[in-house]
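Student: Listed here are the chains, written in short residue letters.
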Amino acid sequence: MGKIEWAMWANEQALASGLILLTGGIVGVAGQFRGWQFAAYAIAAGVFVCLLEYPRSKRAKGTSVERTGQYCFTVCVKSFGPLTRNYYVRAFLHAAICVPGGFMLATVLGCVCLGIASIIYLAAAIRGEHWEPIVPRKDTVRPPPADIKNPPQNPPPRPPPETRRKRVEDLEGAAYDNPIPVKD
Amino acid sequence: MANWIINNGLTAFILVVWMAINIFLFLWFYFFYDLGDEYIYTRHLLGSALAWARAPAAVLNFNCMLILLPVCRNLLSLIRGSFMCCGRTMRKQLDKNISFHKLVAYMIALMTAVHMIAHLINVEWYNNSRRGSYDELSTALSNLEDDNGDDDDDNATTYLNPIRTTDINAQQTPTYFVFTSIAGLTGVIITLALILIITSSMEVIRRSYFEVFWYTHHLFVVFFIGLVIHGTGYIVRKQWNMELHNVTFCRGRSSDWGRIPQCPVPQFKGGPAQTWWWVIGPMVLYIFERVLRFIRYTQAVTYRKIVLHPSKVLELQLIKNGFKMEVGQYVFLNCPQISQLEWHPFTMTSAPEEDFFAVHIRSAGDWTDKLIDIMQTLPEGAQGPKMGVDGPFGTASEDVFDYEVSMLVGAGIGVTPFASILKSIWYKFKISNPNLRTRKIYFYWICRETHAFEWFADLLQGLEKEMEERGMADFLTYKLYLTGWDQGHANHARIHSDKDTDVVTGLKQKTNYGRPAWDKEFEQVRKENPTSVVGTFLCGPAVLAKILGKKCAKYSDVDPRKTRFYFNKENF
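Just so you know, the sequences run in chain order A and S. For what it's worth, the UniProt record's numbering labels the leading residue of the first sequence as 1, then goes sequentially. For what it's worth, the UniProt record's numbering labels the leading residue of the second sequence as 1, then goes sequentially.
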C-alpha cells in the first residue's frame, strides 16, 4: 500500500460528508426540527465543505482526473494559498466544522463522516502530501529550429556531369539510375 | 437496431424485471403501511413518513439479498457450466455481474438515503408527540404506558411511542434515542460502513489504489451483521386489539380510554425482524464462495516453465490438478509472498489443447512488479513462489470456431485472449477437429507500440513458420497496425522497405502505421470470400466496437448466397 495518496480518499470522503451535512441540514430546517439552527449551520457548512473539496488535487504521481467543471473552483481554492494547500489545516478545519453537527440528530451522520475525513486528511498530512491545483496545459508552440529559416545557399554536392550521365556500358558504376533514359 | 437487440436485449430485459420488482415492493409496502387499519394510530403520530420509511426498507431487503450474488464468482462459474445447453446469450449475462453489483449498490445507497430521512422525521415527530407539542390524541397515544410490566420481553410491551423518556434535553432526545436503541445504533453503524464503502469504491480510488478499495470493501461484513440485527428492536408498532377498540369511534375520546367499555386502552406491538429471511441465503452462499476460494488457494500449483520476455513481460506456465479451461477465459492469481489477501485477474494465453495453462503478466503496478522481481532473482530451473489459482472464469469464446471465415480484431491489451484463440484454432486445425469450421482467419492487431507484446509477435512468427511448412500459408492473414508511430519509425521503415521481413516485428507481413482503413479491409475480405458467412470478433475499446458494428452492417449482403458479416461484441 506504499504508493497511496491518502488525500484522494480523504477528498472523496469529505465531499460525501459535505453532501450528507447539507442533506441533514435541509431536512432539519424544512421540517423545523428542534435545534433547526444547528441544521441551518449544517447547510452552510455543507456547502462550504463541498466547495472546498470539489476541485481535486493534482496527483504527485500518475494522471490526475479532474471533476467536471472544477477549474473555477480550483482558482478560488488556489487563491487561499497555504491555507488550502496544507492538509494539516484542512484536517483541523474539518474537525472543527463537524463539531456543531453533533448537537442534532439530523446532522450527526454528516458530523461523523466529516470527522473520519479529517482523520484521513491528518494521515495524508503526516505523510507529507499537499494540495496542488490542476491547471490546464498550455501547449506552447515550439519555435522551429533557427536554421530552418535559412534555405541552403549552395546546391547539394553532386558528382561531375560525366559520371552523372547514364552509361549503358557500365550500369553498376553509374551514380544514378534514371527512370527516364538520358539521351545524349 | 437488430444488432442492439441481439447484443443487449436480454440484459435490458433483466434490468426491466429488476426495476419492476423494486417498484412493486416499494408501492406494495408503501400502501401496506399507509392504508392498513392497524397503523391508523401510528400514522396519526407519523403521517406518511411511516410509509416512506418502510417502503425503502423493503426495497433495501430485496437489494441487499441481491448484492452478494454477483460476486460469488465460483457459483457463477457453476451456473455457467450447468447451462451449456441454454444458449450463449444467457450465459453472457453472467459476465456482466460486476455491472449489476454496482447497479444494485446504487439502489441500496439511494434507498438508504430515503429511509434515513424518513426516520429522521419519524424520530423528531415521536419526540414532539411525547412532549405534547401536538393534539390531544397524539399526547394520549404517546403517554400510553407499558402495561405489561414484563421488562425482559421486548415484544410484550404495549406502548406505541418508542421514545419513553422525557428527562433528557428535548433537542438531544432524538440523538439519545437513536444511540440507545438497537435499530438506531445499528442503523448509524451500517450507514457509516456503507458510506466508507462507497467513497473508497469511486473509480479514481479503485483504479489507483485497489488495496484501499478492497480492504475497505470488507466493511460489508459489518454492514450485513448490523443489517440483520437492525430490525430486532420491535420499533415499528401496530395496534392489535382492533376488534375491541374501534378506532373511528374511539379516536376522539382519548380521555375515556379504559373507562368506557367500547374503548379499552389500545395495545400495540412491534413486528419481528424480517431482513434475515431475505439475506440469510446469499450470506451462506457467499461464505461458501470464500471457503471455496480458500480451498482452491491451498491446491498445489506447479510451475512448468517461467519465461521473462522483453519489456518486463512474465510468462508463467502452470499445472494444476483437475484444471480445465476454455479459450478466452481468465484466472485469478494470488501470491502470498507478495500479499496474503490480493487476487488479481489475468487472461489465459494458452490453448485448452495444451496440458498446462499459461498467463502473460505485464508490469502494471505494485503486485506485478514485485512478482517480476521475484522471478528475476530465481535460480535456473527452480520452482517459483507458492501461487494460488482461482478459476477459470468468463464465458468461453467458442463462437470463433463456428464461422467459416473469421475476422479477429485485437486492440492493445485486448490481444491477449487471441493468443489463446489462435493457438487453439491451430491445434484444432492440425488434428482436423470437426468442431472447427474455420477455413480462413483475418487477424488485425492494433496497438500503440509493440513493446509489451513482443511475445505475441513471437507466437505469430511460430504460427507463420508452421503454416508455411504445411503449405497453408494463406490460412491466417494478419495485419499489425502501429498507431503510435512517429517520424523516426517512418524513416526507419522506409530505409528498410526492401527487406523480406518487417523490421519491427520480424514477421513476414509488414507493419502498417496508423489505424486500419476498415472500408478497405472489409472490401478485401468480401472480395476474397464471396459466398461465406464471416464472423467478426473484437476485443478492444467501445468506439471501435461501434465502428466495426456499422461496417459489418454496411458490407453484409442481403442475398444469403453472398458474403454476410456478423459482429460479435465480446467482452473477453
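Read the hints as simulated data drawn from the structure, not as lab findings. Hints may be right or wrong, so weigh each one.
[As the list claims (entries may be wrong)] Chain S is faced by these chain A residues, among others (derived, beta-carbon under 8 Å):
(1) 12
(2) 13
(3) 16
(4) 29
(5) 31
(6) 58
(7) 60
(8) 62
(9) 65
(10) 105
(11) 106
(12) 108
(13) 113
(14) 119
Cβ atoms here follow ideal geometry from the backbone N, Cα and C, with glycine treated the same way.
Student: Next step is simple, just say for each hint if it's right about the structure.
Tutor: Status of the hints after comparison with the structure:
Evaluation of the residue 12 (chain A) hint against chain S yields a held restraint, the C-beta minimum of about 4 Å falling below 8 Å. The closest approach between the C-beta of residue 13 (chain A) and any C-beta of chain S is roughly 5 Å, which is under the 8 Å cut-off, so the hint is satisfied. Taking 8 Å as the C-beta cut-off, the interface hint given for residue 16 (chain A) holds, the closest approach to chain S being about 5 Å. Proximity of residue 29 (chain A) to chain S is violated relative to the hint, the smallest CB-CB distance being about 12 Å (cut-off 8 Å).
Checking residue 31 (chain A) against chain S by beta carbon gives a least distance of about 6 Å; that is within 8 Å, so the hint holds. At its closest, the beta carbon of residue 58 (chain A) sits 13 Å from a beta carbon of chain S; the interface hint therefore is violated under the 8 Å criterion. At about 11 Å, the closest approach between the beta carbon of residue 60 (chain A) and any beta carbon in chain S exceeds 8 Å, and the interface hint on this residue is violated. For residue 62 (chain A), the interface hint holds, the least distance from its beta-carbon to any beta-carbon of chain S being 6 Å, beneath 8 Å.
Because the beta carbon of residue 65 (chain A) sits about 6 Å from the nearest beta carbon in chain S, less than 8 Å, this interface hint is met. The interface hint given for residue 105 (chain A) holds, since its Cβ lies 4 Å from the closest Cβ of chain S, which is under the 8 Å cut-off. For residue 106 (chain A), the shortest C-beta to C-beta distance to chain S is roughly 5 Å, which falls under 8 Å, so the interface hint holds. Hint status for residue 108 (chain A): holds, given a least beta-carbon distance of 6 Å to chain S, under 8 Å.
Here the hint on residue 113 (chain A) is kept, as its CB sits about 6 Å from the closest CB of chain S, short of 8 Å. Interface restraint check: residue 119 (chain A) against chain S, minimum CB-CB distance 12 Å, threshold 8 Å, status violated.
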